[in-house]
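The listed protein sequences derive, respectively, from chains A and B. Anchor point for the first sequence: position 134 equals 185 in this note's numbering, and the numbering is continuous, going up by one each time. Anchor point for the second sequence: position 41 equals 92 in this note's numbering, and the numbering is continuous, going up by one each time.
Hints may be right or wrong, so weigh each one.
Copies of the same chain look alike in the list, so a pair counts if it fits in one copy or across any two.
[Claimed, not checked] Calculated pairs, EDC-like style, for lysine to aspartate or glutamate (alpha carbon to alpha carbon, straight line, at most 20 Å):
| no. | residue 1 | residue 2 |
| --- | --- | --- |
| 1 | Lys213 | Asp255 |
| 2 | Lys220 | Asp255 |
| 3 | Lys309 | Glu208 |
| 4 | Lys251 | Glu159 |
| 5 | Lys213 | Glu261 |
| 6 | Lys251 | Glu157 |
| 7 | Lys251 | Asp303 |
| 8 | Lys251 | Glu208 |
| 9 | Lys213 | Glu134 |
| 10 | Lys309 | Glu91 |
| 11 | Lys251 | Glu219 |
Keep in mind that the hints were calculated from the coordinates and are not lab data. The model shown is predicted, which means the values in this text are computed figures rather than measured ones.
There are 2 protein chains.
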Amino acid sequence: MTSTSTSTSIAFVGLGAMGAPMAENLVKRQFRVTGFDMRESARDALVAAGGHAAASAGAAAEGADALVLMVVNAAQARAVLFEAGALAALAPGASVILMATCPPGEVEAMAAEVTASGRHFVDAPVSGGVTGARGATLSIMVGTPADSFALVRPVLEALGDKVFHVGEKPGQGATVKTVNQLLCGVHIAVAAEALSLAEKAGIDGRLLFEIMGGSAASSWMLRDRGPRMHEPDPMVASAVDIFVKDLSIVLDAGRAAKTALPLAAAAHQMFLAASGLGHGARDDSQVVRAYRALNAKPANDP
Amino acid sequence: MTSTSTSTSIAFVGLGAMGAPMAENLVKRQFRVTGFDMRESARDALVAAGGHAAASAGAAAEGADALVLMVVNAAQARAVLFEAGALAALAPGASVILMATCPPGEVEAMAAEVTASGRHFVDAPVSGGVTGARGATLSIMVGTPADSFALVRPVLEALGDKVFHVGEKPGQGATVKTVNQLLCGVHIAVAAEALSLAEKAGIDGRLLFEIMGGSAASSWMLRDRGPRMHEPDPMVASAVDIFVKDLSIVLDAGRAAKTALPLAAAAHQMFLAASGLGHGARDDSQVVRAYRALNAKPANDP
Numbered sequence: 052m053t054s055t056s057t058s059t060s061i062a063f064v065g066l067g068a069m070g071a072p073m074a075e076n077l078v079k080r081q082f083r084v085t086g087f088d089m090r091e092s093a094r095d096a097l098v099a100a101g102g103h104a105a106a107s108a109g110a111a112a113e114g115a116d117a118l119v120l121m122v123v124n125a126a127q128a129r130a131v132l133f134e135a136g137a138l139a140a141l142a143p144g145a146s147v148i149l150m151a152t153c154p155p156g157e158v159e160a161m162a163a164e165v166t167a168s169g170r171h172f173v174d175a176p177v178s179g180g181v182t183g184a185r186g187a188t189l190s191i192m193v194g195t196p197a198d199s200f201a202l203v204r205p206v207l208e209a210l211g212d213k214v215f216h217v218g219e220k221p222g223q224g225a226t227v228k229t230v231n232q233l234l235c236g237v238h239i240a241v242a243a244e245a246l247s248l249a250e251k252a253g254i255d256g257r258l259l260f261e262i263m264g265g266s267a268a269s270s271w272m273l274r275d276r277g278p279r280m281h282e283p284d285p286m287v288a289s290a291v292d293i294f295v296k297d298l299s300i301v302l303d304a305g306r307a308a309k310t311a312l313p314l315a316a317a318a319h320q321m322f323l324a325a326s327g328l329g330h331g332a333r334d335d336s337q338v339v340r341a342y343r344a345l346n347a348k349p350a351n352d353p
Numbered sequence: 052m053t054s055t056s057t058s059t060s061i062a063f064v065g066l067g068a069m070g071a072p073m074a075e076n077l078v079k080r081q082f083r084v085t086g087f088d089m090r091e092s093a094r095d096a097l098v099a100a101g102g103h104a105a106a107s108a109g110a111a112a113e114g115a116d117a118l119v120l121m122v123v124n125a126a127q128a129r130a131v132l133f134e135a136g137a138l139a140a141l142a143p144g145a146s147v148i149l150m151a152t153c154p155p156g157e158v159e160a161m162a163a164e165v166t167a168s169g170r171h172f173v174d175a176p177v178s179g180g181v182t183g184a185r186g187a188t189l190s191i192m193v194g195t196p197a198d199s200f201a202l203v204r205p206v207l208e209a210l211g212d213k214v215f216h217v218g219e220k221p222g223q224g225a226t227v228k229t230v231n232q233l234l235c236g237v238h239i240a241v242a243a244e245a246l247s248l249a250e251k252a253g254i255d256g257r258l259l260f261e262i263m264g265g266s267a268a269s270s271w272m273l274r275d276r277g278p279r280m281h282e283p284d285p286m287v288a289s290a291v292d293i294f295v296k297d298l299s300i301v302l303d304a305g306r307a308a309k310t311a312l313p314l315a316a317a318a319h320q321m322f323l324a325a326s327g328l329g330h331g332a333r334d335d336s337q338v339v340r341a342y343r344a345l346n347a348k349p350a351n352d353p
């Protein structure tokens, strides 16, 4: 990959809620972007935004200098690389940039296969959600050798404004993202647990979160998700089942590293119970329903 | 109690790190303050600040319009009220303002005995620490009937700038304070848990907290205690054993209300283990030592 964006061709696979605006941000920065997604409408939207579309992941990767993977999980990333032929189609010395949230162990394994083919592998998961993807304000946590990092840095800086090189080993970016999800998941669950105890004592939950949000007891998640715990069915910003999955990744990472994570394990049980109670597709603030199932909100409360 | 502070006499028992500056703030607002503490030096300091001192808690309360209790725990509060004779010494219709952190159930029981004597009982625990006590910027969470609240409001507003009337029942203030400690304790423990997983993967802990502190994974406690987890023996802002006690109060409150608190229970075990390992008097950030004992930080790390 050369240092000027106009001469750098990027294959982008996975044009979903996050991937579509990310690919468009690369187009805006003058990269030559060829996208692929199973949905024709997603491919058409990229073309309308000034990019190119290919009929398959392998075709998108043909001769490209970099391949960005913004797919759903590690299984899809492997399918694109090894079954759809995208890895073999890339230019020699090209970079594979994995930005999906994947278990650290699977990222390490993928990295070994990719580097064996003579390509660079950049473990680069993101946080910041759809808002960050649209505004190019994502946080990007990068695990890759310094030379690979230097190569892809212009691409990453077109997508996020907080690019952290957290380590030389692929899997370390995924670990930091995993730790991020550990904290987020526990913070949401403990806000619901706090609300559950207060409601039993007849405390108004809205007043509770107003007080807690301005004190040392505050967290970003308490301020964001707390108010939605009082709505019967809030708009879904991120679903309960996403945390069922992400806290599974956290616990798998702990198992692989032989690291006991008692709080993450307990929080996972509560998201799992909320999903089992039929609320998996609801907003993740609704983990509070698992606490209410356990701790029966008093009948005289709204 | 009348509405002007100059004609209101206040007995103040417990002139410790929090109580001393609180009593001085009442003096500054022109209340007539008579203090008692076991330590002569504490009594002398109040006199030097313009207050009065008494030789016993009972003597301090003699004819007072209000009694502020800023003692260590519920047992001390009971001793002052019922054994040292402070309750009987108060003016008829006076107010007892309990500002120490006590279990909600014990607050309810004390309130019943105090109101049976014809006095008001105001459950009013605080948060904000020594800084808040000095600057009169405490948060005060008040559980008491509306008429009792109206009576003592000028006193409370001399001590804190965020006075919340959270409910009509004594014990509800203590519950909100309990919920505050639940959140604080879990947030400290989960920051240590997150660090533990990251260190196993060779991630620099300082960089980790820098990234997390600016993301949706942030909490007030992560930003405050996180950096101290990297110091071998940081200055003690609040000790591990304080959370051993406060999370015990949280779990007792849960037991009394028949409310399951899985995250608080797991966090309590970690503070308990840290204390059992001999670190009870260290800064509460050192709960990370319990995680390190469990999860053996790699030998090649600092």
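Status of each hint after checking the structure:
1. In this homomeric assembly, lysine 213 and aspartate 255 come within 20 Å of each other (Cα to Cα) only across copies, at 17 Å, whereas the closest approach inside a single copy is 38 Å.
2. Proximity of lysine 220 to aspartate 255 under the C-alpha cut-off of 20 Å is restricted to the inter-copy arrangement: shortest distance 13 Å between copies versus 48 Å within a copy.
3. In this assembly of identical chains, lysine 309 and glutamate 208 lie within 20 Å of each other by CA distance neither inside one copy nor across copies; the values are 34 Å within and 52 Å between.
4. For the identical chains of this complex, lysine 251 and glutamate 159 are inter-copy neighbours only, at 15 Å across copies versus 47 Å inside a copy, given an alpha-carbon limit of 20 Å.
5. Taking the shortest alpha-carbon separations for lysine 213 and glutamate 261, only the inter-copy value of 11 Å comes in at or below 20 Å, while the best intra-copy value is 30 Å.
6. Taking the shortest alpha-carbon separations for lysine 251 and glutamate 157, only the inter-copy value of 17 Å comes in at or below 20 Å, while the best intra-copy value is 43 Å.
7. Only between protomers do lysine 251 and aspartate 303 lie at most 20 Å apart by alpha-carbon distance; the minimum there is 14 Å, versus 35 Å within a single protomer.
8. Taking the closest pair of Cα atoms, lysine 251 and glutamate 208 never come within 20 Å of each other, the shortest separation being 48 Å inside a single copy and 28 Å across copies.
9. Proximity of lysine 213 and glutamate 134 under a CA criterion of 20 Å is satisfied in neither setting, with 33 Å inside one chain copy and 61 Å between copies.
10. Taking the shortest alpha-carbon separations for lysine 309 and glutamate 91, neither the intra-copy value of 44 Å nor the inter-copy value of 54 Å comes in at or below 20 Å.
11. For a Cα distance limit of 20 Å, the shortest separation of lysine 251 from glutamate 219 across copies, 15 Å, qualifies, whereas the shortest one inside one copy, 49 Å, does not.
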